[in-house]
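Given chain A, put chain B in place with the hints provided.
The listed protein sequences derive, respectively, from chains A and B.
Heads up: the first sequence begins at 46 in the numbering used here, then just goes up one per residue.
Heads up: the second sequence begins at 286 in the numbering used here, then just goes up one per residue.
The reader is advised that the hints may include incorrect statements.
Chain B is nowhere near these chain A residues, computed Cβ spacing over 10 Å in every case [to be verified]: (1) GLY104; (2) PRO180; (3) GLU276; (4) GLY293; (5) ARG563; (6) THR657; (7) LYS750.
With a Cα cut of at most 20 Å, we get these calculated DMTMM-like pairs of lysine to aspartate or glutamate [said to hold, decoys possible]: (8) B:LYS473 x A:ASP559; (9) B:LYS473 x A:ASP743; (10) A:LYS812 x B:ASP367; (11) B:LYS549 x A:ASP687; (12) A:LYS63 x A:ASP559; (13) A:LYS697 x B:GLU472; (14) A:LYS812 x B:GLU472; (15) A:LYS441 x A:GLU469; (16) A:LYS627 x A:GLU608; (17) A:LYS489 x B:GLU557; (18) A:LYS670 x A:ASP507; (19) B:LYS393 x B:ASP367; (20) A:LYS670 x A:ASP658; (21) A:LYS812 x B:GLU535; (22) A:LYS234 x A:GLU357; (23) B:LYS473 x A:GLU357; (24) A:LYS718 x A:GLU759.
Source of the hints: derived by calculation from the structure; they are not laboratory data.
We put the CB at the ideal spot given by N, CA and C, even for glycine.
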Amino acid sequence: MSKTGIGVPVIRKEAASKVTGEAKYTADFLEPGTLTAQLVTSTCAHGVIAGIDTSAAAGVPGVRAILTGESCPELCGAILKDRPPLARGKVRYYGEPVALVVAEDAFLAAKAASLIKVSYEPLPVVHGPGQALEPGAPLIHEGLGAYKRIVADVYPEPGTNVCHREKVRKGDVEKGFSECAVILEARFKLPQSDHIAMETRAATASISADGTVFIRTSSQAPFEVRKMLSELYQIDEGKIIVEVPMVGGGFGGKAPVNLEILAYLASRAAGGRPVRLVNTREADMVSSPCRMGLEATLKLGATEDGILKAAEMTFLIDAGGYADIGPRLAKAIAVGCTGPYHIENVSCDSLCVYTNHPYVTSFRGFGHASVTFCIERALDKLARKLRLDPARLRYKNALMPGQTSPTQVKITASNCGNLQACIERVKGLVNWEEGDRLDMGGGKIRAKGIAAFWKTSNSPPDAASGAFISFNKDGSVNLNVGCVEIGPMMKTTAAQILSEALKMDISRIHVNMDVNTRYTPYHWKTVASMTTYMIGRAVLRAAEDVTDQLKSMAAVVMKCAPEDLDIGDERVFLRSDPSVFKSFRDLVHGYHYENGNALYGQMLGRGGFIMTDLNFLDRETGKGKPGPYWTVGAQAVEVIYDTVAHTYRLTKAATVIDAGKVLNPAMAEGLVKGGMCMGLGLGSREHFQYDPAGRVLDTSLRTYKVMHFGQTPEYLVAFVETPFVEGPYGARGLAEHGIVGIPAALGNALSVACGAELDELPLLPEKIWMAKTGGRL
Amino acid sequence: MIPFDFEYHRPASVREAAVVYRQLEEAGKAPVWYGGGSELISMARVGNMGFGAVIDLKSIPDCRLLDNSGDEVHLGAGLTLDEIRRSEKFPLLGQTAGRIADHTMQCKITLGGNLASTIIYREAALPLLLGDATITTGGEKGIKRYRIRDIFRDRLQLPKREFIVSTSVARQYAEAPYFHIKKTKNEKIDYPLITTTALIANGYLRIAFSGLAAYPVRDEVVEAILNDQSIDFERRAEGAAAALAGILLEDMNGSSAYRRFVLKNTLVSILESIKDAQVPCIR
Chain A
46 MSKTGIGVPV IRKEAASKVT GEAKYTADFL EPGTLTAQLV TSTCAHGVIA
96 GIDTSAAAGV PGVRAILTGE SCPELCGAIL KDRPPLARGK VRYYGEPVAL
146 VVAEDAFLAA KAASLIKVSY EPLPVVHGPG QALEPGAPLI HEGLGAYKRI
196 VADVYPEPGT NVCHREKVRK GDVEKGFSEC AVILEARFKL PQSDHIAMET
246 RAATASISAD GTVFIRTSSQ APFEVRKMLS ELYQIDEGKI IVEVPMVGGG
296 FGGKAPVNLE ILAYLASRAA GGRPVRLVNT READMVSSPC RMGLEATLKL
346 GATEDGILKA AEMTFLIDAG GYADIGPRLA KAIAVGCTGP YHIENVSCDS
396 LCVYTNHPYV TSFRGFGHAS VTFCIERALD KLARKLRLDP ARLRYKNALM
446 PGQTSPTQVK ITASNCGNLQ ACIERVKGLV NWEEGDRLDM GGGKIRAKGI
496 AAFWKTSNSP PDAASGAFIS FNKDGSVNLN VGCVEIGPMM KTTAAQILSE
546 ALKMDISRIH VNMDVNTRYT PYHWKTVASM TTYMIGRAVL RAAEDVTDQL
596 KSMAAVVMKC APEDLDIGDE RVFLRSDPSV FKSFRDLVHG YHYENGNALY
646 GQMLGRGGFI MTDLNFLDRE TGKGKPGPYW TVGAQAVEVI YDTVAHTYRL
696 TKAATVIDAG KVLNPAMAEG LVKGGMCMGL GLGSREHFQY DPAGRVLDTS
746 LRTYKVMHFG QTPEYLVAFV ETPFVEGPYG ARGLAEHGIV GIPAALGNAL
796 SVACGAELDE LPLLPEKIWM AKTGGRL
Chain B
286 MIPFDFEYHR PASVREAAVV YRQLEEAGKA PVWYGGGSEL ISMARVGNMG
336 FGAVIDLKSI PDCRLLDNSG DEVHLGAGLT LDEIRRSEKF PLLGQTAGRI
386 ADHTMQCKIT LGGNLASTII YREAALPLLL GDATITTGGE KGIKRYRIRD
436 IFRDRLQLPK REFIVSTSVA RQYAEAPYFH IKKTKNEKID YPLITTTALI
486 ANGYLRIAFS GLAAYPVRDE VVEAILNDQS IDFERRAEGA AAALAGILLE
536 DMNGSSAYRR FVLKNTLVSI LESIKDAQVP CIR
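Just chain A, with the same shape it has in the complex (with noise of 0.2 Å):
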């Protein structure tokens, strides 16, 4: 395994901590003298609070403190504030936190929380964005039009259920269907789902004699925590601090600031002392944000040799009670809304809709597999219209250079990719020529489904990162950056990106593994797959800084000019010479001479970086640029199906994605294979269900079942590698994206294998044999 640099195999720099359990992650901190907060959630799923007796919780000794809403009158919310801490007057969805109980330990917070009744006079419940847009449909936010805006782009319509409208307007849609040969239009509905991380979220607080508060907390948003509470609660941004030790997983789940208010609300009810609340997986599940659920309705339209003209969309996002970022994911539906394929005429009105479900947050993708769901299956029912090969319809329209995003963004193959590599590299790993339905005999068909994907990041425009070097005095190297630690090696991933910027071994470049937004550079969110595309930038501007230190002060010492001098392993070495050298030890803390003199002091690199050249989408036509770049990609999935009794098994799921440069292959690998599992589960199995009364059925994983190992199919990864030239030595992100395009892929082999259109997830053996059969014996 290569030491240096870029496109070889790294082990993560926190690999021995994590395979041994020495790994900490926020709950695993116990100090004495914590107390624990322990929620009480709504049973009911929109409904007037009627009354919440807290009497004989209080009277449960070594309670310190009991919240309602009635003690918590701000709203919070990271677009539009429109959620309280703890629900206040009515509750809007099941499992939504209506009072916290701070006490001395776990099991009498516990106690006293089960002591709390609350009666609530039930309202009627909004069970869909469909229902919650019909006339007279019950309204969740009666005051939406006082609600405060964080952002100058969102846009609530007071009066319904419509938290925000994103409008896309390309070309002359009614003129490009007219053009077409084939209109084909179709309907789908995606239920709402969870992450399911591993670790549930956690947080603790505390607050000191002089103010300062301290937040400890499992998510991707450090300083998003931090703005946060310093707006709501007035406290200036330097007497907070947010730590994020390792995180155990995220997957857009702890993006959203949640528990971090409620652990400081505790805090300060119980006299500034440490609180600490952990989530159980039920609430984890929905109490804290979840999965959007979508309903879309597609038009496409093609000529008779299946150039796509024309496309017009609606798409409701279920975004349950609450607003959070929901908003951004009918933004980033929007924004992606034709898949990577070029179409001149584009309609698309993406609208996030309150209803009585658990609200929504950020989920690996984006919003991205759902809308690929849609589109993707669209494109396979259009290619039986046209009698053309799925992949082959793919190729065809794959966004080129010179084309234009649907809000206009020029297509570059820097900015892009090449989709059209993607989509034969991917027919070549599942052997798509030899058909896409194989009946194998014994009533068992082996059948394959393709779906491509693109996906960009929906950023403020603004989005930062930095980072900060120091040097030990052997020559080693400390790097400080803010991302977290949330499992896909990003922390390992800007040691590597330094260690082929100063040419030096990466076990001599150490990393901070935690965030201290007292310490840390500020760095906007681990998420969006742009955490690569930051840091890494601003690492390569901090090594640039040290290098030209290094050059400099060498040049000094060395007699020689600074560009005469180049540098790697640990040496700044003469171009014409490199046995002429300074070694980085006797230059990173002061040069010191013979006689006791000494020179300069210890060498501090800097890099902050800035994203330059986004902007706001204009209201009416979508038009602006949303993200730096785009990940294109190609995957497939082999199902063998059986013909009698509808169900399944998952034999093969194959992703090519063009990475623009890979930088550690394994852990690319590793990702992209994981981003395929969690795609398996979510086309398969995942969904939230709920009873008329709109509450939530499955709150744990003895109902709610994800993949297990054991059933996943064999994975095929492979790479394309079209540099996008302003990302670090060419790479773009791809966490995310190995989930995109697989609920698709996965509908459109089902769909091939049982010869009846599926178009909702999951897709259940039920649904296959409902939509086959019409539901005959």
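This is chain B only, laid out in the frame that chain A set:
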């Protein structure tokens, strides 16, 4: 976190268990029998069950019985599902046990606990119903023996203060050709959509189901239909499915109509396997 206090007792004999139960009851402690604890813990931590004391039966030697030296296979109620599977003393029960929950849980859940479960599936009861098991119980009046059909009607209906010590099945049934077909919603490790178990005793097909209805089902009428040599498999399967139609469950795992479809297919496949002499049939 279980949000209430309770006592833990671990008696060493059936007699001691009975005495402890009575004492706790008289002290108002609302005691419950305790096997592997998986269900009590899951229920108690979410507030669906309360108790003042648990009596762990796993240290009672009689509850750990594992013997097939005579004409019967005896299995203690305190054996874990995994121990039963690995013992291979009653292959159908072993296979059924090996498909309840996941392996971690199979190392906790006991035979007695599964039979006495408040969750509707109680899959371990199916092989015992098919094998006309004898259930040995303990209590204040010492050891008692029941025919399973007399005390397992939909669920275990033991007299108060009694607990299962062991179960016994004649070896001719325990070693008979059998079927075990577990159908789930989609994920393999899940509660059953329908678990079908069957064995062939003296040329007669016995069959029992879990997940089909809100309780485990063995039905003589259904067995009679399935064994009716005068009609073809398809019609037998349809007839049996029709006979059970009224009790089919409709829940988050599947609709009653879908269960009927799966049931019929399962029955046809079993009947065809018998014809083709593909018994005993594994899974």
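Going down the list of hints, with the structure as the test:
{"no.": "1", "hint": "GLY104", "result": "holds (15 Å)"}
{"no.": "2", "hint": "PRO180", "result": "holds (31 Å)"}
{"no.": "3", "hint": "GLU276", "result": "holds (33 Å)"}
{"no.": "4", "hint": "GLY293", "result": "holds (19 Å)"}
{"no.": "5", "hint": "ARG563", "result": "holds (33 Å)"}
{"no.": "6", "hint": "THR657", "result": "holds (46 Å)"}
{"no.": "7", "hint": "LYS750", "result": "violated (4 Å)"}
{"no.": "8", "hint": "B:LYS473 x A:ASP559", "result": "violated (38 Å)"}
{"no.": "9", "hint": "B:LYS473 x A:ASP743", "result": "holds (17 Å)"}
{"no.": "10", "hint": "A:LYS812 x B:ASP367", "result": "violated (34 Å)"}
{"no.": "11", "hint": "B:LYS549 x A:ASP687", "result": "holds (15 Å)"}
{"no.": "12", "hint": "A:LYS63 x A:ASP559", "result": "holds (14 Å)"}
{"no.": "13", "hint": "A:LYS697 x B:GLU472", "result": "holds (17 Å)"}
{"no.": "14", "hint": "A:LYS812 x B:GLU472", "result": "holds (14 Å)"}
{"no.": "15", "hint": "A:LYS441 x A:GLU469", "result": "holds (12 Å)"}
{"no.": "16", "hint": "A:LYS627 x A:GLU608", "result": "holds (15 Å)"}
{"no.": "17", "hint": "A:LYS489 x B:GLU557", "result": "holds (18 Å)"}
{"no.": "18", "hint": "A:LYS670 x A:ASP507", "result": "holds (12 Å)"}
{"no.": "19", "hint": "B:LYS393 x B:ASP367", "result": "holds (8 Å)"}
{"no.": "20", "hint": "A:LYS670 x A:ASP658", "result": "holds (8 Å)"}
{"no.": "21", "hint": "A:LYS812 x B:GLU535", "result": "holds (15 Å)"}
{"no.": "22", "hint": "A:LYS234 x A:GLU357", "result": "holds (17 Å)"}
{"no.": "23", "hint": "B:LYS473 x A:GLU357", "result": "violated (40 Å)"}
{"no.": "24", "hint": "A:LYS718 x A:GLU759", "result": "holds (10 Å)"}
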